[in-house]
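A.B. asks: Using the hints, position chain E against chain U.
There are 2 protein chains.
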Amino acid sequence: MIRAHMSVSLDGFAAGREITPDQAMGRGGDDLHAWMFASPPDPIDRAIAASTFAAGTVGAVLMGRRTLEVGLAHWGDDGTFGVPCFVVTHKPREPIIKERTTFTFVTDGLRHAVEQANEAADGKHVQVMGADVVRQTLTAGLIDELQITLVPIILGGGATMLGDLEPGAARFEQVEVRSSATVTHLRYRVDRR
Amino acid sequence: MIRAHMSVSLDGFAAGREITPDQAMGRGGDDLHAWMFASPPDPIDRAIAASTFAAGTVGAVLMGRRTLEVGLAHWGDDGTFGVPCFVVTHKPREPIIKERTTFTFVTDGLRHAVEQANEAADGKHVQVMGADVVRQTLTAGLIDELQITLVPIILGGGATMLGDLEPGAARFEQVEVRSSATVTHLRYRVDRR
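Going down the list, the sequences are from chains U and E.
To convert, take the position in the first sequence, counting from 1, and add 1301; that gives my numbering.
To convert, take the position in the second sequence, counting from 1, and add 1301; that gives my numbering.
Note that these hints are calculated values from the structure, not bench results.
Computed from a predicted structure; not experimentally measured.
One thing to keep in mind: the hints can contain errors.
Okay, the calculated bits of chain U under chain E, using three or more residues with CB under 8 Å as the criterion [what the hints assert, rightly or not]:
1. 1317-1331
2. 1344-1351
3. 1377-1391
4. 1407-1416
5. 1484-1490
Quick reminder that beta carbons are idealized off the backbone N, C-alpha and C, glycines included.
Chain U on its own, in the form it takes in the complex (with noise of 0.2 Å):
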C-alpha cells in the first residue's frame, strides 16, 4: 500500500514559509510535529506515531529532493529511516548510503519512482513524504491512504498540502478520526482513478 502522512496546519500548511537546510520544517513549521514530542506523550498521538512510522509497518520511503535535502543533515549518521528511501529528482546522481539507509535517486518519473519503492517494500506500506510530492503522487493517483494530522495553528504560508489542485483533483472516504488532547488524526482511503 501507498500512503502518506502529513502533519498540517489549520490553514493548509505542511510546513511554514523560508524553507531552509537549517529550517527544514520553515518558520514556525516545527509546531506541526509538537504532538510527536511532547512529554509525557498523549496515548493517542504516540500509538498514531507508533503504526505510521514503525519500521514494522513501512518497507520503503519515497520523497522529493528538496525534502531530502532539507531533511538529510536532521536523519543522523543512520539516516533515521532504515529502509530503501527513493529521491524523485531530474538529476541522475549516485545513491547516498548513511549505515542502514540509502537513498537512490530516481530520474525516470514519479510512476517508476512508487513501482520501485513498492517493489523493494516487499509487502510493507511505502510512506511517501514532502508535500509537494504527496500532492504529485495523490493527483495522479498513486496513493492508497492519505493520514493527515490536523494540528490547529496558523502558518500562513508555506508548503501548502492540498492548494491549487483542480476541483475533485482526488477523492477520498473518511476510514478512521483520532484525537489526542491538542491535535486530530485523519485517515482518508483515497479512490485510485
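C.D. replies: Showing chain E alone in chain U's frame:
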C-alpha cells in the same frame, strides 16, 4: 458567546468557485453540506447540526452582505433563522423583514456589528456566517469558538476559510472532535487577544 461554524473542504474552502444567487455555495460547494441532508441522517451529524443551529442556543446571526445576497432567496418566506440577523456592509439600507426574521444592516464596522448582535442574542450565542466575515472576526479577536466540519472533498478554489492569514493570526485550543461516517466535526476555542 460568539461562535462560527463552517463546513470546509479538505483543501480549505468554505464554498466553491463562481458563487452566484443560483449557485449560492459555488461550483461543487453543495457537497460541503451533504452531511446535513443524508437520509437517514448519521446520528453524530444530526446531533452536531442540532446543537449548532438550534433556535434554543442561537440568539442572533451575523453575516456579510454577500452571504445575504446569495442566501436570501434560499431562506424562504420566514427567513429561516427566526432570530435577529445583522449584516455587515458599507452601504446603509433599510432592514429586510421576512416574517419572523429581520435582517438589519450595520455600517459602523465589524466590532459594532458583533456588539449589536451580542446584545440582541440576550445571553444566547451569536452565530457568525460566511467565510469573509468569519475570517475578519477571527483575526480581529472577536470569536470565542470556531467549529469546522471537515469534508473530504477537493473544491480546488473558491471562498477560502483561513487562507491568506498572517502567521499566528489566531490561536486555537482543540475542545472537541466528533466524527460521523463521512465527515469530522472539530470544535476550537479561540484565544481572544
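A.B. asks: Work down the list of hints and note, for each, if the structure agrees.
C.D. replies: Consistency of the hints with the structure:
1. For a cut-off of 8 Å, the count of residues in the stretch 1317-1331 of chain U with a CB near a CB of chain E stands at 4, and the three-residue condition holds.
2. With a cut-off of 8 Å between beta carbons, the stretch 1344-1351 of chain U has 0 residues touching chain E; three or more are needed, and the interface restraint is violated.
3. Coverage of the stretch 1377-1391 of chain U by chain E is violated. Counting CB-CB distances below 8 Å, 0 residues qualify, and the rule asks for three or more.
4. Here the stretch 1407-1416 of chain U counts 0 residues with a CB under 8 Å from a CB of chain E, which misses the bar of 3, and the coverage is violated.
5. As drawn, the stretch 1484-1490 of chain U meets chain E at 4 residues by the rule of a beta-carbon pair under 8 Å; at three or more, the given contact holds.
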